[in-house]
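Protein chains in written order, with the working numbering: chain A, 1 to 159; chain B, 1 to 159; chain C, 1 to 159; chain D, 1 to 159.
Keep in mind that the hints were calculated from the coordinates and are not lab data. Where is the CB? At the ideal position from N, CA and C, for every residue including glycine. Some hints here could point you the wrong way.
As the list claims (entries may be wrong) - Only some residues are given here: those of chain B computed to face chain C with a beta carbon under 10 Å: (1) 85; (2) 89; (3) 94; (4) 104; (5) 105; (6) 112; (7) 114; (8) 115; (9) 118; (10) 126; (11) 128; (12) 129; (13) 137; (14) 141; (15) 145.
Claimed, not checked - Think about it this way: if two alpha-carbon atoms lie no more than 35 Å apart in a straight line, the pair counts; the simulated DSBU-like pairs of lysine-lysine are: (16) B:138 / C:51; (17) B:138 / A:32; (18) C:4 / D:138; (19) D:32 / C:51; (20) A:152 / D:138; (21) B:32 / B:17; (22) D:51 / D:138; (23) B:152 / A:51; (24) D:4 / D:152; (25) B:5 / A:4; (26) A:51 / D:152; (27) D:32 / D:138; (28) A:17 / D:138; (29) A:17 / A:138; (30) C:51 / D:4; (31) D:138 / C:32; (32) B:138 / A:4; (33) B:152 / A:4; (34) C:5 / C:32.
Stated by the list, open to error - Heads up, incomplete: computed chain A residues facing chain B, CB under 7 Å, no partners named: (35) 13; (36) 14; (37) 83.
Protein chains: 4
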Amino acid sequence: MDMKKFIAVIGGGQCSKEEARQAKEVGRQLAKRGAILVCGGLGGIMEAACKGASSEGGITVGVLPGDDRQSANPYVQIPIVTNMGYARNVAVVKSAQAVIAIGGSYGTLSEISHALQSGIPVIGLNTWSLSRNGREDKSIIPAQSATDAVDKALDLAAA
Amino acid sequence: MDMKKFIAVIGGGQCSKEEARQAKEVGRQLAKRGAILVCGGLGGIMEAACKGASSEGGITVGVLPGDDRQSANPYVQIPIVTNMGYARNVAVVKSAQAVIAIGGSYGTLSEISHALQSGIPVIGLNTWSLSRNGREDKSIIPAQSATDAVDKALDLAAA
Amino acid sequence: MDMKKFIAVIGGGQCSKEEARQAKEVGRQLAKRGAILVCGGLGGIMEAACKGASSEGGITVGVLPGDDRQSANPYVQIPIVTNMGYARNVAVVKSAQAVIAIGGSYGTLSEISHALQSGIPVIGLNTWSLSRNGREDKSIIPAQSATDAVDKALDLAAA
Amino acid sequence: MDMKKFIAVIGGGQCSKEEARQAKEVGRQLAKRGAILVCGGLGGIMEAACKGASSEGGITVGVLPGDDRQSANPYVQIPIVTNMGYARNVAVVKSAQAVIAIGGSYGTLSEISHALQSGIPVIGLNTWSLSRNGREDKSIIPAQSATDAVDKALDLAAA
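Based on the sequences and whatever the hints tell you, model everything.
In structure tokens form, the structure reads like this:
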């Protein structure tokens with residue numbers, strides 16, 4: 001089967017309007033270019049990205065922390081109910097071939113970390129930056145726009 | 001969004017030809033009737049069910065125990081990479097509104113147990129039967145055929 | 001380090017007085033014979049077993065499903081906070097070299113299944129019995145008493 | 001039961017000699033002051049911390065990612081076998097009331113993130129520093145020495 005590319009979009013369950021606009025545009029472009037969107041299934045960035053992808057007929061997967069498919073945002077088509085709390089963050093990123101991080105708090109940072117630990121490329125839009133023992137860590141690839149983030153994610157997604 | 005029904009098909013990673021035939025027929029009928037197939041993503045019953053669903057253009061989700069999407073059988077369209085080993089059995093059944101068990105060994109029994117614990121209906125085709133402290137437990141609903149199993153699963157799947 | 005034997009005691013979060021009496025006696029004898037008790041950390045059988053072990057100065061480990069160490073019963077000395085719900089059932093049994101099941105419902109059955117799947121011996125006291133496709137499965141080793149269960153568990157615990 | 005304090009020590013599975021020296025001293029002082037050491041159970045920082053704690057008769061808990069208690073370092077007294085891969089990082093930090101991070105790579109960063117997400121204090125020794133969207137995040141509390149780290153961890157550990 002010719003497998004589509006899976007791209008995770010991660011970020012806060014709550015976010016600014018500008019972040020939501022970016023996430024929606026990322027979702028929209030991923031769908032237009034045939035990628036499947038993976039996310040944590042909840043609100044904020046996750047919902048905005050799923051809304052964008054849905055507007056272009058894209059497929060959206062939400063890997064939920066809780067016990068109830070009803071907790072998924074209304075644009076999730078494939079809800080995965082883990083009931084594993086934040087341990088599901090590992091599955092969100094491991095199910096993707098590249099990750100786009102938009103803003104986000106410590107949950108997002110844990111997903112960035114799990115992705116980098118697994119060798120999955122992370123593209124960042126106004127998100128965390130890291131220094132390890134005083135030296136800058138440049139593993140998060142900065143993007144200038146939603147389009148730039150999607151370009152980079154699809155380029156870097158392992159075949 | 002008008003959510004489709006999610007039905008899990010569980011059973012051994014290795015199985016008899018007759019079991020594979022039943023699983024394929026279950027997958028085929030689930031797809032024909034618009035349900036999304038969830039499974040553990042590997043071989044045996046899981047592969048046969050996905051093959052059947054794919055033959056009718058259905059959507060197949062594989063919640064994988066390992067770290068590699070390549071471990072999914074070739075008919076899985078949406079591989080979820082958990083790297084959580086058999087803890088993923090919980091997510092397989094919780095992501096479904098009803099479960100069809102075909103044959104199976106202890107892994108299947110753990111999925112049956114997790115489903116019953118969560119109040120998710122389990123339909124059985126030549127699978128485990130249970131007694132608790134000497135009294136028969138009739139929670140696994142027996143089916144006489146693939147068609148009967150699919151009928152019962154779709155009837156019982158919570159809206 | 002000369003590692004002590006780890007024995008899991010599993011069973012319902014609610015139980016009868018007679019089951020609690022058995023669990024307490026199992027815990028007591030495990031402690032007297034130098035084993036470390038692993039359990040799910042909550043009430044019922046788990047609490048009774050921990051109480052018994054504590055009464056003999058034994059070590060008790062509770063692998064909790066929730067997010068709060070306060071949910072442990074008062075006799076758990078080492079609470080492991082997983083926040084992974086019933087996925088923690090896997091860790092309860094895998095952390096043990098043998099499992100003693102007393103009564104129990106579907107959660108207990110999932111633990112029995114995960115143990116058998118992992119090749120960890122399961123000793124049963126008035127608990128589930130299994131048939132696979134009409135044929136009795138005798139993998140659960142029956143015990144006649146708390147003492148008999150502890151004898152068998154310690155004999156079978158892999159070095 | 002008068003519960004002891006649980007402190008997690010996190011860091012790389014491989015580390016420098018200086019980091020190992022610090023981790024051993026942290027473990028030693030935690031044990032001397034009556035705390036129970038929680039870690040990921042493997043080598044590097046985890047082994048050094050456990051070795052230090054053991055030298056003072058302290059209790060050491062190792063929450064292992066794999067399927068085999070033999071993968072624990074020789075100073076782990078209570079191995080918890082999760083077989084959940086890096087999802088176990090969540091359980092490592094949630095089982096502690098404060099976390100001491102020494103050096104470390106992306107796995108350690110994921111543990112720092114999960115701790116901060118859960119409101120568990122993180123004390124850092126030559127470890128990651130964070131900026132969120134260009135603004136420094138000061139949630140990781142810097143320590144100047146092993147003694148300072150243990151002082152701060154025990155002060156901050158919730159009762």
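How the hints compare with the structure:
Proximity of residue 85 of chain B to chain C holds as hinted, the smallest CB-CB distance being about 7 Å (cut-off 10 Å). Checking residue 89 of chain B against chain C by beta carbon gives a least distance of about 8 Å; that is within 10 Å, so the hint holds. Here the hint on residue 94 of chain B is kept, as its CB sits about 9 Å from the closest CB of chain C, short of 10 Å. Nearest Cβ of chain C to the Cβ of residue 104 of chain B: about 8 Å, under the 10 Å cut. The hint holds.
Given the 10 Å rule on beta carbons, the hint for residue 105 of chain B holds: about 7 Å separates it from the nearest Cβ of chain C. The beta carbon of residue 112 of chain B comes within 8 Å of a beta carbon in chain C, closer than 10 Å, and the hint placing it at the interface holds. Proximity of residue 114 of chain B to chain C holds as hinted, the smallest CB-CB distance being about 5 Å (cut-off 10 Å). Annotation: interface hint on residue 115 of chain B holds; nearest CB of chain C at approximately 8 Å, less than 10 Å.
This hint holds: residue 118 of chain B has a C-beta 8 Å from the nearest C-beta of chain C, less than the 10 Å allowed. A least Cβ separation of about 5 Å between residue 126 of chain B and chain C falls short of the 10 Å threshold, and the interface hint therefore holds. At its closest, the beta carbon of residue 128 of chain B sits 6 Å from a beta carbon of chain C; the interface hint therefore holds under the 10 Å criterion. About 5 Å separates the beta-carbon of residue 129 of chain B from the nearest beta-carbon of chain C, less than 10 Å, and the hint is met.
At a threshold of 10 Å, the smallest CB-CB gap from residue 137 of chain B to chain C is about 8 Å, leaving the interface hint in force. For the restraint placing residue 141 of chain B at the interface with chain C, the shortest Cβ-Cβ distance is roughly 15 Å, beyond the 10 Å limit, so the hint is violated. Annotation: residue 145 of chain B was flagged as interfacial toward chain C, and the flag is violated, the nearest CB pair being 16 Å apart, outside 10 Å. Restraint check for residue 138 of chain B and residue 51 of chain C: satisfied, since their Cα atoms lie roughly 34 Å apart, inside the 35 Å limit.
At most 35 Å may separate the alpha-carbon atoms for a hinted pair to count; residue 138 of chain B and residue 32 of chain A exceed this at roughly 49 Å. Of the supplied pair hints, the one linking residue 4 of chain C and residue 138 of chain D is violated, its CA atoms being roughly 42 Å apart against a limit of 35 Å. Annotation: proposed proximity of residue 32 of chain D to residue 51 of chain C holds, straight-line Cα distance about 28 Å (limit 35 Å). Between residue 152 of chain A and residue 138 of chain D, the direct Cα distance comes to roughly 30 Å. Compliance with the 35 Å bound is thereby established for this hinted pair.
Straight-line distance between C-alpha atoms of residue 32 of chain B and residue 17 of chain B comes to about 22 Å, which keeps the hinted pair within the 35 Å bound. Our distance criterion of 35 Å between C-alpha atoms is met by residue 51 of chain D and residue 138 of chain D, whose separation comes to about 31 Å. With a C-alpha separation of about 34 Å, the suggested pair residue 152 of chain B and residue 51 of chain A falls inside the 35 Å cut-off, and the hint holds. About 16 Å separates the Cα atoms of residue 4 of chain D and residue 152 of chain D, which keeps this hinted pair within 35 Å; it holds.
Among the hinted pairs, residue 5 of chain B with residue 4 of chain A is consistent with the structure: their alpha-carbon atoms are about 23 Å apart, no more than 35 Å. Between the alpha carbons of residue 51 of chain A and residue 152 of chain D the distance comes to roughly 45 Å, so the proposed pair goes past 35 Å and is violated. Simply put, residue 32 of chain D and residue 138 of chain D have alpha-carbon atoms about 29 Å apart, close enough for the 35 Å limit, and the pair holds. For the suggested pair residue 17 of chain A and residue 138 of chain D, the alpha carbons sit about 25 Å apart, so the restraint of at most 35 Å is met.
Between the alpha carbons of residue 17 of chain A and residue 138 of chain A the distance comes to roughly 27 Å, so the proposed pair stays at or under 35 Å and holds. Between residue 51 of chain C and residue 4 of chain D the CA atoms are separated by roughly 18 Å; this keeps the pair inside 35 Å, and the hint holds. Simply put, residue 138 of chain D and residue 32 of chain C have alpha-carbon atoms about 49 Å apart, too far for the 35 Å limit, and the pair is violated. A C-alpha spacing of about 42 Å is found between residue 138 of chain B and residue 4 of chain A, which places the hinted pair above 35 Å, so the restraint is violated.
The hinted pair formed by residue 152 of chain B and residue 4 of chain A meets the criterion: a straight-line CA distance of about 33 Å does not exceed 35 Å. The suggested pairing of residue 5 of chain C with residue 32 of chain C holds, with an alpha-carbon distance near 12 Å, which does not exceed 35 Å. The beta carbon of residue 13 of chain A is not positioned within 7 Å of any beta carbon in chain B (closest approach about 19 Å), and the interface hint is therefore violated. For residue 14 of chain A, the shortest C-beta to C-beta distance to chain B is roughly 22 Å, which exceeds 7 Å, and the interface hint is violated.
Interface hint status for residue 83 of chain A: upheld, as the beta-carbon distance to the closest one in chain B is roughly 6 Å, under 7 Å.
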